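2 protein chains.
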Amino acid sequence: MTDGMHYAPIARAQAPVCAPGDFTFAAMSLDHGHIYGMVDNLVQAGGVLKYVYDTDPKKAESLQRRHPLAQIANSPEQILQDPDVMLVAAAAIPSLRCDLGLQVLAHGKDYFTDKTPFTSLDQLHQARQAVLTTGRKYACCYSERLQNESAEYALELINDGVIGDVIQVLGVGPHRLNAAARPDWFFRKALYGGIICDIGSHQAEQYLAYSGASSATVTMARATNFANPDYPELEDFGEFSVVGDNGSSGYFRMDWFTPDGLRTWGDGRTTILGTKGYIELRKYVDLGQQLDQPARENNVYIATQDGEEQHQVTGKIGFPFFGALILDCIERTELAMSQKHCFTAAAICLQAQQMADLDR
Amino acid sequence: MTDGMHYAPIARAQAPVCAPGDFTFAAMSLDHGHIYGMVDNLVQAGGVLKYVYDTDPKKAESLQRRHPLAQIANSPEQILQDPDVMLVAAAAIPSLRCDLGLQVLAHGKDYFTDKTPFTSLDQLHQARQAVLTTGRKYACCYSERLQNESAEYALELINDGVIGDVIQVLGVGPHRLNAAARPDWFFRKALYGGIICDIGSHQAEQYLAYSGASSATVTMARATNFANPDYPELEDFGEFSVVGDNGSSGYFRMDWFTPDGLRTWGDGRTTILGTKGYIELRKYVDLGQQLDQPARENNVYIATQDGEEQHQVTGKIGFPFFGALILDCIERTELAMSQKHCFTAAAICLQAQQMADLDR
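Residue numbers (the numbering used here), protein chains in the order written: chain A, 703 to 1062; chain B, 703 to 1062.
In case anyone wonders, no lab produced these hints; they're calculated from the structure.
What you were told as hints is all true, and nothing was included just to trick you.
Repeated chains share a single entry, so a pair holds when one copy, or any two copies, can fit it.
With a straight-line Cα cutoff of 16 angstroms, these simulated EDC-like cross-link-like pairs (lysine to aspartate or glutamate) come out:
id, residue 1, residue 2
1, Lys891, Asp938
2, Lys891, Asp932
3, Lys978, Asp962
4, Lys978, Asp1008
5, Lys752, Asp724
6, Lys978, Asp938
These numbers come from a predicted model, not from an experiment.
Could you build the full structure based on these sequences and the hints that come with them?
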């Protein structure tokens, strides 16, 4: 079977997609560390980080140390009113992400937020209106696909027809709680939105990407606190299922139960079942890998009519979303991710969270 | 981490549990090949197979060749009326399993059927009544646990508290269709009962076993034919979710989409998430194992607070159910599996199938 490796990825160059100065952006509301990856990847794809800003100067300084050519802005207004700034990247407290986005759009700039993009359907509605009114983008860094090479490679394989028509997507997203290192907002439901709204947003996005469905109905949702009485508003477990408008389905489980003994933060998996085969991603570790080695990421397993294949794609795929987003901002296209896709993923996780909340 | 292997199984002897002649049984209605494993394991555990019978003499002869001391009965009556026979093992067409069981119980013998034990809730109701009336057992070979060493080992680990309280059970049961080799009844829904009723019965049983729930509510169920128009009554995909009376939940997917290139018939998995760790069973193959090797079965992966462990338990656990069933039949105990557990698993898969049927 080792002879028949049809689907080994061809490593691709990660070159800037534009000339220096073609795409200038800023970073503000640095509440979640995800902002580092978002900024790093935009810079690597050709973006110029002009400003960083946070009400907490330490957070701004910390990001600036990594990007020393950026200036620390004196105020949000300095960023919002600078015509050089085409896009604002931010990782605010989740419940504040929409308000910031509405401001950014109102100032004629595109917005790129950490996930989850909203904590209520009302926020989503407001953002939809603002996008229509302003013509600007409300983009979201659904990082469990956009910053994961195995997840991006799976999409290529599916789009190439390797597993036929997608029937089902099954995603498991365990995370290490690490409670002591988390900010206060992390444990307040009104601020983080609930576990399905939060880490379930990744899963909803991956469902749409892999299944090709353009919308989906939530068929089951549940969220609860099993074992963290000290944090009564934390949901440490959530799950939901969907049926898409193309007949495919999805089931997703998310939790804060990664045990301390696992060698990485979470054993995230995605299994995509198609009519002609299936793909399993062991994204951050493979429990079957040698025990005394560091976690091996981006494991892609494929089974088709022709055989089985195993690919480890770290460093081979890169993060094509970021260059595509920059070009979308410059050229006003939607090749990285359509606004509809971004918002539909948000709608699914918000609807599932709502169903889970009603059921408690 | 390799130093800290706490959970390596101690290989146990598979000795007969009774003296020759203490437990005599018969096998009839040999419609599904599962009867071979059921009989072999009862014999290995100390049972004596006195008769085999099927309306098709070839099927009876084939099983007799494997157990040459057994006689081919002249009729079902010869078996049912022989006071030596304590139990009848059978793998009838699913829709006929209950009728046969009712006859067996009415003749004062215990019944051991291939899964699925019923194709309707009405049958289950009749069997419940018959068990109460006769005091006999209506047992079922839920083989994806009872004939799987990794699955039985997982139960031991859970019962030992290795992963704390069980929060969720996630089971995936893909199977190779192999349509040409299947009998006609396999494709007639009234006879096989639907994919959730059929292969979902394994999943319902494993949910109860691992979660410790004593009952469960079906929260979502779906079954459909995605890609087999030549067999319109075949459901090639099914899924359902449950919430147990102890607050745990389960999600299960079953399908006939194992691609021809997979080195075994199905990549069955069970993942059990607990408050203190999790266990993943890669039951029949590990996609990450060396490609040019035969499928390695019974892979047990454990992650806890203390670290990760990997155990391959083929030949180490055996199938303790069969000896326990024999002793239960002799001593009128319920140590192998309670009648309530057996019937509750059936109820769950039948209720899920009904929900899926109503939704089509």
